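Combine the two chains into a complex, taking the hints into account.
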Amino acid sequence: MNIDLYGFGPALVAGTLMTVKLALSALCLGLVLGLLGALAKTSPYKPLQWLGGFYSTLVRGVPELLWVLLIYFGTVSLMNRLGEALNIPGLELNAFAAGVIALGLCFGAYATEVFRGAILAIPKGHREAGLALGLSKGRIFSRLILPQMWRIALPGLGNLFMILMKDTALVSVIGLEEIMRHSQIAVTVSKQPFTFYMVAAVIYLGLTVLAMTGMYFMEKRAARGFARPNQ
Amino acid sequence: MNWEVIIKWLPRLAQGATLTLELVTIAVIAGLILAIPLGIARSSRHWYVRALPFGYIFFFRGTPLLVQLFLVYYGLAQFDAVRNSAFWPYLRDPFWCTVLTMTLHTAAYIAEILRGALQAIPRGEIEAARALGMSRAKALFYIMLPRAARIGLPAYSNEVILMLKASALASTVTLLELTGMARTIIARTYLPVEIFFAAGLFYLVISFLLVQAFKQLERWLRVDACQGR
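Those sequence lines, one after another, are chains A and B. For the first sequence, the residue numbers in UniProt numbering are 1 to 231. For the second sequence, the residue numbers in UniProt numbering are 1 to 229.
If we strip away everything but chain B, and leave its shape as in the complex, we get (with noise of 0.2 Å):
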């Protein structure tokens, strides 16, 4: 093992490291906002509403992301209409692609997450907020959804570590984020082992924060508190 080698490298790898951050916390939490419609939309009770978050599910779960990030990066650009179209601009740029990649993925998952914790939710409760006269969408709003996130949040911060570690794909489109940047300073030095293991090292000190920082968010969501239904 040559330390001296890593530590040189450090900074760079650091910098990488934001980046890898920058993807993750903006698909994680776009993903969010895409899904809470897809997740609502996915319990409903009329197979027509059903229909469609269903088959956005079953494909963006049934496919490799990998397959995902290069149908939006090389593929889309097989179309005129979108190479003449405004959003060009974004869609060239490998760092647009692959947040919008992982935002699409990521929303899939989560809103399966959802649906498993809105079916979650006793019966009684939902039932009790209708006897107090609350219509359908303020008892979504003020009681299903805050019930269903506290249910669901031990599946989202797994969902977030996920997308951590998805989000070293972003190096086969030329971004150079933590794992893209281990790759270019092993073009350089020829020491995949000491460079990947650094790398590594990165991931997991990542997750063991964001980890750390779910369990500070579920004491303070009381999670624990409403598990005894």
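Chain A on its own, in the form it takes in the complex (with noise of 0.2 Å):
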């Protein structure tokens, strides 16, 4: 095989920056969602309860692709109908925009269900020792539940990035220009398809082992002060 990247090594290094930064802000809205969707499904108020799970069932119940195609393509009269009436001629959700939004979506509706687990599984009497301490409930969360939910919850979300950085390539369907979009430019132009998209397929290794390495190190620092029972 050549291994020969006809001038694109830039343009894929360029790519990769692009895949990083859509998979870190996905992670962000993620992450908040994910939390918001948790603290509705275990929350005491039915309706909240089935908000958070309407929103996990019916966002994981459909393709990620559709996700990114349908808020790409779907809000495109919706931005302008809001574009006229903020006066902005031309409003539109771009790639990038559009990415963020449909695989945070994504990744928050399987973070929900990461959440709940963790939060299910502190102890009901650290709450109650909040409560007798005189807590409010916002601190009580914030305080107590929060710090212990994060060891608890962090090889689930690990799990779910190393997912949310691969489904990142869909995004190249809308044309966001990120490893995928430069390889397939790169393969119209060298006519050796092969090649590139092995390079993408090595990048994308190279980030997973990379988040992998990550995690190994954030869960090993979240478990500080925890015995291991089988080891």
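Keep in mind that a hint or two might mislead.
Restricting the straight-line Cα-Cα distance to at most 20 Å, the calculated cross-link-like pairs of lysine to any residue (SDA-like) are [unchecked claim]:
1. A:Lys124 <-> A:Pro147
2. A:Lys191 <-> B:Leu91
3. A:Lys21 <-> A:Gly206
4. A:Lys191 <-> B:Leu76
5. A:Lys191 <-> B:Val173
6. A:Lys166 <-> B:Phe58
7. A:Lys191 <-> B:Trp88
8. A:Lys191 <-> B:Asn84
9. A:Lys166 <-> B:Phe60
10. A:Lys191 <-> B:Pro94
11. A:Lys191 <-> B:Val82
12. B:Lys215 <-> A:Gly61
13. A:Lys166 <-> B:Val173
14. A:Lys166 <-> B:Asn158
15. A:Lys166 <-> B:Arg61
16. A:Lys166 <-> A:Val202
17. A:Lys191 <-> B:Ala81
18. B:Lys215 <-> A:Arg60
19. A:Lys191 <-> B:Gln78
20. A:Lys166 <-> B:Tyr109
21. A:Lys166 <-> B:Leu104
22. A:Lys166 <-> B:Ile161
23. A:Lys166 <-> B:Leu162
24. A:Lys166 <-> B:Tyr56
25. A:Lys191 <-> B:Arg83
26. A:Lys166 <-> B:Gly55
27. A:Lys166 <-> B:Phe59
28. A:Lys191 <-> B:Phe79
29. A:Lys191 <-> B:Tyr74
30. A:Lys191 <-> B:Asp80
Distance windows between CB atoms, simulated [said to hold, decoys possible]:
31. A:Met218 <-> B:Asn84: 49 to 57 Å
32. A:Gly53 <-> B:Ile7: 27 to 35 Å
33. A:Leu91 <-> B:Val5: 22 to 30 Å
34. A:Gly138 <-> B:Phe208: 35 to 43 Å
35. A:Gly175 <-> B:Glu4: 26 to 34 Å
These are computed hints drawn from the structure, not numbers from a lab. As the structure is a computational prediction, the values presented were derived from the model and not from experiment. Even for Gly, the Cβ is constructed at its ideal location relative to N, Cα and C.
Written as structure tokens, this is what we have:
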């Protein structure tokens, strides 16, 4: 195989940076959505529970690609109307924003379940101890529940992030210039599809390994002070 | 929401849904068959037996399905040897390329599920089988695999749902499955919200039915009865 990138090396590096940016932005949105979803699902109010359940079931039941397409193409008329109302002509969602929203939405739906499991895994006595100390509900959550949830939720979130990183490839379908899109452009010029898609695959593998290493250290840090039962 | 348009195009979407189901069914069954030797080899005690399935699983789980699909559909044509081979009529066809890629992809995930299940079998049960005079192969086929099937079934049902959603990628190599059909209809009607909404409903209904079917299968295989170890 001829490993000659035909001068597309810098473009692929730029694509990799775009992929990382997209993944991290979607991660931020997804974590917020997941936390809100989990809070809704574990709240004592029935309508909130339904809302959280509806969100996670609906989003998880529909393919990620469909969300990407729906948010990119489906919001055009909506954004037009919004643009008219705000007096900004030609207002539209660009591919990056659509990608972040779609992938964040999907990540959030799965993260809802991860966070919910983590909330339920925290002994009830901790919350009651907080109540007995006279802490407010918000404070109990931010000072007692959230720091403990993190350790339990981290492995699940790590898996989800790995999935998210691979799903960023889907955003190439709406034309965002990340790894896949740059590879496609390189293929049309060089007529070497296997070479360039293999290079893309290797870049994704590298990113996965990087994320796995990061997760290993974060899990190790989060688990300090906890004895491992099976070692 | 323009309901008339949705109802008008429902038959075409249903046609796309059958292709989606076809892709998923072939992929998850062929993937399972391929995953059994892979999973067994992956949980071997010898490193040289483990190495090959490890590399395979690492590659297919570490790269996006879209990259794998493009590698097979567009990439293989780069080699004259492939173009001149007897498989070319199949490897040129988007349907067979998608089926092949999805099978290879899901096999890696199922092999990992199978490995986890094989390792979760209580040691005493395998020792009991060996103590009764069963050979290694016999213990594997009569004790370990049926046991692993029950342990791994819930994870396998998750994988089937994930493959249902992954099949949407087939639309990027011109296949007219549910998503591809929706995109074609939108190109004609310019109504993305309505048509994608209808396609999404199809996916929801299919995944709901799959979940129910697997619940029945779990009851039939008495998965819950095996959980008390």
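A quick look at each hint next to the structure:
no.: 1; hint: A:Lys124 <-> A:Pro147; verdict: holds (15 Å)
no.: 2; hint: A:Lys191 <-> B:Leu91; verdict: holds (18 Å)
no.: 3; hint: A:Lys21 <-> A:Gly206; verdict: holds (16 Å)
no.: 4; hint: A:Lys191 <-> B:Leu76; verdict: holds (12 Å)
no.: 5; hint: A:Lys191 <-> B:Val173; verdict: holds (17 Å)
no.: 6; hint: A:Lys166 <-> B:Phe58; verdict: holds (13 Å)
no.: 7; hint: A:Lys191 <-> B:Trp88; verdict: holds (18 Å)
no.: 8; hint: A:Lys191 <-> B:Asn84; verdict: holds (18 Å)
no.: 9; hint: A:Lys166 <-> B:Phe60; verdict: holds (11 Å)
no.: 10; hint: A:Lys191 <-> B:Pro94; verdict: holds (19 Å)
no.: 11; hint: A:Lys191 <-> B:Val82; verdict: holds (16 Å)
no.: 12; hint: B:Lys215 <-> A:Gly61; verdict: holds (17 Å)
no.: 13; hint: A:Lys166 <-> B:Val173; verdict: holds (18 Å)
no.: 14; hint: A:Lys166 <-> B:Asn158; verdict: holds (18 Å)
no.: 15; hint: A:Lys166 <-> B:Arg61; verdict: holds (9 Å)
no.: 16; hint: A:Lys166 <-> A:Val202; verdict: holds (12 Å)
no.: 17; hint: A:Lys191 <-> B:Ala81; verdict: holds (16 Å)
no.: 18; hint: B:Lys215 <-> A:Arg60; verdict: holds (18 Å)
no.: 19; hint: A:Lys191 <-> B:Gln78; verdict: holds (8 Å)
no.: 20; hint: A:Lys166 <-> B:Tyr109; verdict: holds (14 Å)
no.: 21; hint: A:Lys166 <-> B:Leu104; verdict: holds (16 Å)
no.: 22; hint: A:Lys166 <-> B:Ile161; verdict: holds (17 Å)
no.: 23; hint: A:Lys166 <-> B:Leu162; verdict: holds (14 Å)
no.: 24; hint: A:Lys166 <-> B:Tyr56; verdict: holds (17 Å)
no.: 25; hint: A:Lys191 <-> B:Arg83; verdict: holds (15 Å)
no.: 26; hint: A:Lys166 <-> B:Gly55; verdict: holds (18 Å)
no.: 27; hint: A:Lys166 <-> B:Phe59; verdict: holds (12 Å)
no.: 28; hint: A:Lys191 <-> B:Phe79; verdict: holds (11 Å)
no.: 29; hint: A:Lys191 <-> B:Tyr74; verdict: holds (10 Å)
no.: 30; hint: A:Lys191 <-> B:Asp80; verdict: holds (13 Å)
no.: 31; hint: A:Met218 <-> B:Asn84: 49 to 57 Å; verdict: holds (50 Å)
no.: 32; hint: A:Gly53 <-> B:Ile7: 27 to 35 Å; verdict: holds (28 Å)
no.: 33; hint: A:Leu91 <-> B:Val5: 22 to 30 Å; verdict: holds (26 Å)
no.: 34; hint: A:Gly138 <-> B:Phe208: 35 to 43 Å; verdict: holds (37 Å)
no.: 35; hint: A:Gly175 <-> B:Glu4: 26 to 34 Å; verdict: holds (31 Å)
Taken one by one, the earlier hints all hold for this structure without exception.
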